[in-house]
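2 protein chains.
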Amino acid sequence: MTNISLLSKSKSFNGEVRRYSHKSTSLSCDMKFHVYVPSKSSTPSSVLWFLSGLTCTDENFIQKSGAIQYASQNNIFLVCPDTSPRGITIENAEDKWQGPGFGAGYYLNSTTDKYKAHFQMFTYITKELFELINKEFTDTININKHSIFGHSMGGLGAISLFIKTNGQYKSVSAFSPISNPVNCDWSLHSFKEYLGTENKEAWLQYDPCHLLKNYDGKPFDLLVDQGSADEFFNDLKFDNLELACKENSKINLIARLQDGYNHGYFYISTFIKDHIEYHSKHLNK
Amino acid sequence: MTNISLLSKSKSFNGEVRRYSHKSTSLSCDMKFHVYVPSKSSTPSSVLWFLSGLTCTDENFIQKSGAIQYASQNNIFLVCPDTSPRGITIENAEDKWQGPGFGAGYYLNSTTDKYKAHFQMFTYITKELFELINKEFTDTININKHSIFGHSMGGLGAISLFIKTNGQYKSVSAFSPISNPVNCDWSLHSFKEYLGTENKEAWLQYDPCHLLKNYDGKPFDLLVDQGSADEFFNDLKFDNLELACKENSKINLIARLQDGYNHGYFYISTFIKDHIEYHSKHLNK
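These protein sequences, in sequence, are chains W and F.
For reference, each letter of the first sequence is one residue, going 1 to 285 in UniProt numbering.
For reference, each letter of the second sequence is one residue, going 1 to 285 in UniProt numbering.
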């Protein structure tokens, strides 16, 4: 039985970029994802997951970040999932960055009648796609070495998934994460639609600041870059992230305010080397 | 008088990616282009032009090639023009890669009644935009140090413009150029529309193989990469390019057949470092 269909492949930096589609049971729709498979090495590859931001698909990061050369150098297998369920119809579900809707899955499991049949991105990434990658690429990767990072909404996702899965990922980092969605109007608007208007406790369960402040597991490092010229600076709440981590001695935040950089991929590409080498170091500890 | 309007800017690798629009007199329409301005240095930057392929705009290369980091390291100012006139109406002009039409300007000057009012890409790149860059960025760049490279249709353009302008560009290279368009059905279809169905001599004036074979100026190097798994391999005529250069002792062809690579940006990004360092070496001779 084939679980995934190969849509395209391209050699790059001696490895291969591949795009696949598969039927997702957790999202009840067909999904696409990209991987980068580094060239064969005597050591199985570590796996690094990148969660993309609002409006993105599985394509943006692999095409624009410049990550492949560093994944190749560090024998890292990249996984780039999509950001929401696709190809379904939900009345008035909007396809724009303010969400909720397509391209705006927020890496959470919806509980509302309107969204819960499809918007189960937490389960999709941490269970379904995680197991599928481990199964399909078991000859290539070390299934015990996964790490995770992301950008903007995907930075929120990386921090949230890292904490909530308790050791599934070895390390975590983020570019300009949505750090405190319950204090950001457009994020909270989506949270209310996905999790109900009254359920404030459910919102907090996907809020990085809340999760970081209350984390009580094994100490960990958290690398976060944030551009000072980010057009969403006021909404992302970088300061609140720093405060939350300061209140919790279990978290060693490496916060880097990058002078003059904005929110886009020209900024991400400048610092992607640092993030991939950071994860490589943690994965090979 | 402002000749260009800044549409966006993003800091990247300590320099700045900027997108501009301007009214083009040679094309009789509004055009956009991207530049990368490296961070201030005591030495004026060299200028490197990248001509994109069919269906591309001014965006593809700057977003996907990974060129910026190497431009930054080598103090190179990148210029990324669009591939055709835009925002005009021409009856039945097609917007697809087989052309003729938008995204398929072929870097030539049209002579047919249907296209000549707008499709003057040779003049646009070599004269109008060249002079505009030299004027607008005169404090940043060394106006005597320009080089040129390109991909596919833009590889054709780079070779053609390098030869036909006789010393305006210091060096030239190409990724997977359309090397012999008069022997490629879809290219010749566009050539006929732009230059007339009968005028074979005019077609040859934009055919890299013909230009290289008959070149009689100062000897020069030509770096060309070609993927062996290129989906357009049979149409690009890499072999004819090698033959044409072999017949002319003035040309030192550095032809690299890259095993297993296809036609896309995942391939270009693998070898972009080599090309930028090649131009940097020639520009600093």
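Rather than coming from a laboratory, the hints here were simulated on the basis of the structure.
Remember, it's a predicted structure, so these values are computed and weren't measured experimentally.
It is possible that part of the hints are untrue.
[As the list claims (entries may be wrong)] Distance windows between CB atoms, simulated:
| no. | chain 1 | residue 1 | chain 2 | residue 2 | range |
| --- | --- | --- | --- | --- | --- |
| 1 | W | Gly260 | F | Lys23 | 43 to 53 Å |
| 2 | W | Lys9 | F | Lys285 | 20 to 30 Å |
| 3 | W | Leu7 | F | Asp185 | 52 to 62 Å |
| 4 | W | Lys250 | F | Leu6 | 42 to 52 Å |
| 5 | W | Gly196 | F | Cys29 | 43 to 53 Å |
| 6 | F | Ala117 | W | Glu136 | 46 to 56 Å |
| 7 | F | Glu131 | W | Glu136 | 52 to 62 Å |
| 8 | F | Arg256 | W | Gly196 | 56 to 66 Å |
| 9 | W | Asp274 | F | Glu277 | 18 to 28 Å |
| 10 | W | Pro219 | F | Cys29 | 51 to 61 Å |
| 11 | F | Asn14 | W | Glu247 | 30 to 40 Å |
Every residue gets a Cβ at the ideal spot worked out from N, C-alpha and C, and that includes glycine.
Hint by hint, here is what the structure shows:
{"no.": "1", "hint": "W:Gly260 <-> F:Lys23: 43 to 53 Å", "verdict": "violated, 30 Å"}
{"no.": "2", "hint": "W:Lys9 <-> F:Lys285: 20 to 30 Å", "verdict": "violated, 40 Å"}
{"no.": "3", "hint": "W:Leu7 <-> F:Asp185: 52 to 62 Å", "verdict": "violated, 27 Å"}
{"no.": "4", "hint": "W:Lys250 <-> F:Leu6: 42 to 52 Å", "verdict": "holds, 46 Å"}
{"no.": "5", "hint": "W:Gly196 <-> F:Cys29: 43 to 53 Å", "verdict": "holds, 52 Å"}
{"no.": "6", "hint": "F:Ala117 <-> W:Glu136: 46 to 56 Å", "verdict": "holds, 55 Å"}
{"no.": "7", "hint": "F:Glu131 <-> W:Glu136: 52 to 62 Å", "verdict": "holds, 55 Å"}
{"no.": "8", "hint": "F:Arg256 <-> W:Gly196: 56 to 66 Å", "verdict": "holds, 59 Å"}
{"no.": "9", "hint": "W:Asp274 <-> F:Glu277: 18 to 28 Å", "verdict": "holds, 23 Å"}
{"no.": "10", "hint": "W:Pro219 <-> F:Cys29: 51 to 61 Å", "verdict": "holds, 60 Å"}
{"no.": "11", "hint": "F:Asn14 <-> W:Glu247: 30 to 40 Å", "verdict": "holds, 34 Å"}
The structure does not agree with the numbered hints 1, 2, 3 stated previously, though it agrees with the rest.
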